[in-house]
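**Q** Residue numbers (the numbering used here), protein chains in the order written: chain A, 31 to 560; chain B, 26 to 131.
Be aware that a few hints might be false.
What the hints assert, rightly or not - What follows is a list of derived Cβ distance ranges for each label pair:
| hint | chain 1 | residue 1 | chain 2 | residue 2 | range |
| --- | --- | --- | --- | --- | --- |
| 1 | B | VAL70 | A | HIS248 | 26 to 32 Å |
| 2 | A | ILE429 | B | LEU62 | 32 to 38 Å |
| 3 | A | ALA252 | B | LEU78 | 40 to 46 Å |
| 4 | B | LEU78 | A | ILE404 | 35 to 41 Å |
| 5 | B | MET66 | A | PRO273 | 32 to 38 Å |
| 6 | A | ARG470 | B | LEU99 | 35 to 41 Å |
| 7 | A | SER238 | B | ALA121 | 39 to 45 Å |
| 8 | A | ALA538 | B | LYS129 | 20 to 26 Å |
| 9 | A | LEU521 | B | ALA92 | 35 to 41 Å |
| 10 | B | ASP33 | A | PHE203 | 27 to 33 Å |
If you're looking for bench data, these hints aren't it; they were derived computationally from the structure.
Cβ atoms here follow ideal geometry from the backbone N, Cα and C, with glycine treated the same way.
Single-letter residue listing:
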Amino acid sequence: MLSAIQFTPALGMFLAFVALTLVITWFSARKATGSASYFAAGRSIKGWQNGLAVAGDYMSAASFLGISGMIAFKGYDGFMYSVGFLVAYLTVLLLVAEPLRNAGKYTMADLLAYRMSPRPVRAMASLSTLMVSVIYMIAQMVGAGGIIKELIHVEFAPAVIGVGALMLVYVVFGGMIATTWVQIIKAVLLMGGAFALSWLVLGKHDYSMTKFFAAVAHADYAGTTVEKNLLDPGMKFGAAVNPYGPLDFISLALGLVLGTAGLPHILVRFYTVPDAKTARVSVAWAIGVIGVFYILTTFFGFGAATVLPIESILTPEGKENTNMVAPILAKALGGELFFAFISAVAFATILAVVAGLTMSASTSFAHDFYSNVIHHGKENRPGQEIRVARITAFFVGAISIAIAIAMGPTANAAFLVGLAFAVAASANLPVILFSIFWRRFNTGGAVAGLATGLASAVILIILSPNGVFGKTGAIFPLENPGIVSIPLGFLGAWLGTILTKKDPESEAKFAELNFRAQTGLGSEKAGSGH
Amino acid sequence: MANPQTPDWETLAKMPAFHELLAAKRRFIVPATVFFLLCYMALPVMIGYFPELMKKPFIGKVNGAYAFAFSQFLMTFILAAFYMRTAKKWDAMEHALLASIESKNA
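Can you build the whole structure from these sequences, using the hints too?
**A** Rendered as structure tokens:
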């Protein structure tokens, strides 16, 4: 296998990125002492830095590879992911970021455990965090496997294992500081790549927007297919393609707009800044960067359908090679070196996002489950929490690798991410919002909300056309569970609360939580807390 | 932290200045949230159930569907900018509130 690896420019650029990030990891490891440093980067990340890191965490392989591929094949309907991914940040900005920063320590469960009986709530929150992270990670791994195969001609399975191993180095040795810097570098590179790619596409249309949109409206894959108007909606979610299409689309949209504010690896980012104001500034930065990036998907998504022959973006078996459209476009427009750059950026993206996901999953397991559920919030020995987090990182990585290999390289990364969003929106968001805004909310409600949201989303995915019964035998007709599972998550949290008896302690603590969440009094300070 | 002992949160939460802060936040956040959710969810509804209408040309070859999608980006940028501006006023209220608590404790 190893003898088949050729030294290409892409491999060179990728190795340069890995070397750079490993140096950062090494420096972070020397600086990092104690839990607040390992799990929350000492709460000393600046607003713009965290904004870029949030953007880096978010603009994943799914966004770059998955969406550009989906737009190139399905046109407008693929672009809907771009819209939803951005608008979702309004939910984060308006409802979640600041209270969460004010009232928490390392994880989303800190906020929930504040008022509730900590053990059941943390156990459930930890389970749901692991679930979302693993689904999201599988999406990244699938994208990674495909790109490495093109990049250094290694087969899918060893490629996925290689990504997993590298990611573990960042997480295990560098913790949150290293992960943050990997994200920042990657976000800058990705934006550079997206601009360059868009510019080259526009160049094909004489740098004229009018000509560009005219070409998209008569897209024929460089003359290799009959013309179609890719700006017209309906190729994926249209009622003509699938009678449940429009409803599926609404379901997807709900999952996207409400899911981001429940993604554990995004939420943990707000603990790395000194205070709620900085958390707010970092969301604003993230919105700017992410917004521009998704607008650019117009060019390298639709644009691909105007300049690439259809055979070049199909697999040898004739399937749509959705995750490879962006790199192939780069090769066609910018040559071998630009292909190398875009591939290296895509690869860096995957590595960085996977590291971020593993970080949040292992933090949650170590902090919520191990320390607080098993050991009642007392650390036996200093550093135990970090040690458990490192061990968890291995297992989370291994499980995701195994499932990614089982699913194979043609699963669309954007679709898989859409599912992770639906689970996050159904399980996590209802309990986060009720904890912050509802006095009566209690332990029964939190556990019931997390359990119903998580279970309904996962079960509906299993029963969906993409699940175990396939397209024909599907019991649940929609691919996206959000429209059913999100209301069920809220309903579960509400019913669980009103059907269990009033919890005077939780209500008394609400005054405290509310005051702290809204004013920041007594919040975790930079450089504090072990 | 303003107070080395555990503050009396019930009393703090009853302060009129705190209620003013909450009300001020609510006045912006509730309508803004309702607005952006309706605005965003109108997109899949319009696309899914009125596709022919959305396929009509808007500017040149750009149809209503793309124009509506693009407007969501602008909506997000503008609403976020409004939020950042309004939140500065809350910061001032919060600062005054925390200062008054500190002076009482001193």
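**Q** Does the hinted range 35 to 41 Å hold for ARG470(A) and LEU99(B) at CB?
**A** At 39 Å between Cβs, range holds.
**Q** VAL70(B) and HIS248(A), beta-carbon distance inside 26 to 32 Å?
**A** For HIS248(A) against VAL70(B), whose Cβ atoms are near 28 Å apart, the range 26 to 32 Å holds.
**Q** Take a look at whether the Cβ-Cβ distance between ILE429(A) and LEU62(B) falls inside 32 to 38 Å.
**A** holds (35 Å)
**Q** Taking 35 to 41 Å as the hint, is the beta-carbon distance of LEU521(A) and ALA92(B) inside that range?
**A** Roughly 36 Å apart at Cβ, these two residues keep to the hinted range, so it holds.
**Q** Quick check on a hinted range of 35 to 41 Å for LEU78(B) and ILE404(A), using CB atoms only.
**A** violated (57 Å)
**Q** Look at the Cβ atoms of ALA252(A) and LEU78(B) and judge whether their distance stays inside 40 to 46 Å.
**A** violated (31 Å)
**Q** For MET66(B) and PRO273(A), compare the CB-CB distance with the range 32 to 38 Å and indicate the outcome.
**A** violated (21 Å)
**Q** Evaluate the given range 20 to 26 Å for the C-beta pair formed by ALA538(A) and LYS129(B).
**A** At roughly 22 Å between Cβ atoms, LYS129(B) and ALA538(A) fall inside 20 to 26 Å, so the hint holds.
**Q** Taking the beta carbons of SER238(A) and ALA121(B), is their distance inside 39 to 45 Å?
**A** violated (54 Å)
**Q** Just to be sure I understand the hint, the distance between the Cβ atoms of ASP33(B) and PHE203(A) should be within 27 to 33 Å; is that true here?
**A** At roughly 45 Å between Cβ atoms, PHE203(A) and ASP33(B) fall outside 27 to 33 Å, so the hint is violated.
Hint compliance for this structure: hints 3, 4, 5, 7, 10 are not met, and every other hint is.
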